[in-house]
Amino acid sequence: DAGITQSPRHKVTETGTPVTLRCHQTENHRYMYWYRQDPGHGLRLIHYSYGVKDTDKGEVSDGYSVSRSKTEDFLLTLESATSSQTSVYFCAITDLNLNEQYFGPGTRLTVT
Amino acid sequence: TQLLEQSPQFLSIQEGENLTVYCNSSSVFSSLQWYRQEPGEGPVLLVTVVTGGEVKKLKRLTFQFGDARKDSSLHITAAQPGDTGLYLCAGAYSSGSARQLTFGSGTQLTVLP
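For the protein sequence lines, the chains are A and B, in the order given. Counting from 1, one number per residue, gives the positions in the first sequence under my numbering. Counting from 1, one number per residue, gives the positions in the second sequence under my numbering.
This is chain A alone, in the form it adopts within the complex (with noise of 0.2 Å):
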């Protein structure tokens, strides 16, 4: 298995709050993503990082920012987190020969 987990795994939160997720890997892999999983939508990818400090958005980047201050940990932040951010969040890992990922556990976000 890849060495990547998250954290917290479950979350509960209000409309209007704050919400970090965190993913952290010991693979050193450059490539870091954060994607969003719904019914009937799979998997979308909010943001992306390629580097200690560099970041690109997704398809689905609105509402969420990113950082990447060390190659093995990559946040997910909600500034002021939305019902229609109630999901469940993955993080993943590529391997840059085949853009095989490997993802880790998620995090389910409940906003109520």
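You may find that some hints are simply not true.
Calculated from the model, a selection of chain B residues having no Cβ within reach of chain A, i.e. all distances over 10 Å [what the hints assert, rightly or not]:
id: 1; residue: Leu11
id: 2; residue: Glu41
id: 3; residue: Lys56
id: 4; residue: Gln80
id: 5; residue: Phe103
id: 6; residue: Thr110
For the chain A half of the interface with chain B, some residues (derived, Cβ under 7 Å), not all of them [claimed, not checked]:
id: 7; residue: Gly51
id: 8; residue: Phe90
id: 9; residue: Pro105
Everything labelled a hint here was simulated from the structure, so no lab data went into it. Just so it is clear, CB atoms sit at the ideal spot from N, CA and C, and this is done for glycine as well.
Here the structure of chain A is known, so what remains is to put chain B in place on it, guided by the hints.
What follows is chain B alone, placed relative to chain A:
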């Protein structure tokens, strides 16, 4: 946004039956992956195909990449209850960032004993 269409969305079959899941796009892939996901877990990579016409086998699972590299299929022979799960295809497009994948919406497979 490039689309990756996956079908069927849901599939419920009896143990021992065969099934095929399809993944289609109008654009060319540089590589395509198939993943399997179980409830409460992240997707797990099953296979990567990169060459048009390529066929890969993983026990009872057969993966095929179309000659034009625009489509792929997953065929399961003699399905078992342990095959139950969400199957996802994901492609890296030749025209896009080689580091990004586009995912299909998934096929939820249920194999009944």
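Going down the list of hints, with the structure as the test:
Its beta-carbon lying about 15 Å from the closest one in chain A, Leu11/B satisfies the requirement of being farther than 10 Å from that chain. Once the 10 Å rule is applied to beta carbons, Glu41/B is inconsistent with being away from chain A; the minimum gap is 6 Å. Distance to chain A confirms Lys56/B as a non-interface residue, since its nearest Cβ pair spans about 13 Å, more than 10 Å. In this structure Gln80/B is separated from chain A by more than 10 Å, as the shortest Cβ-Cβ distance comes to about 23 Å.
Distance to chain A contradicts Phe103/B as a non-interface residue, since its nearest Cβ pair spans about 4 Å, not more than 10 Å. Under the 10 Å C-beta cut-off, the non-interface status given to Thr110/B relative to chain A holds; the minimum distance is some 15 Å. With its C-beta approaching chain B no nearer than about 11 Å, Gly51/A sits outside the 7 Å limit, and its interface hint is violated. Taken as an interface hint, Phe90/A checks out: its beta carbon lies about 5 Å from the nearest beta carbon of chain B, inside 7 Å.
With a least beta-carbon distance of about 5 Å to chain B, the hint placing Pro105/A at the interface is held under the 7 Å criterion.
Hint check: violations occur at hints 2, 5 and 7; the rest are consistent with the structure.
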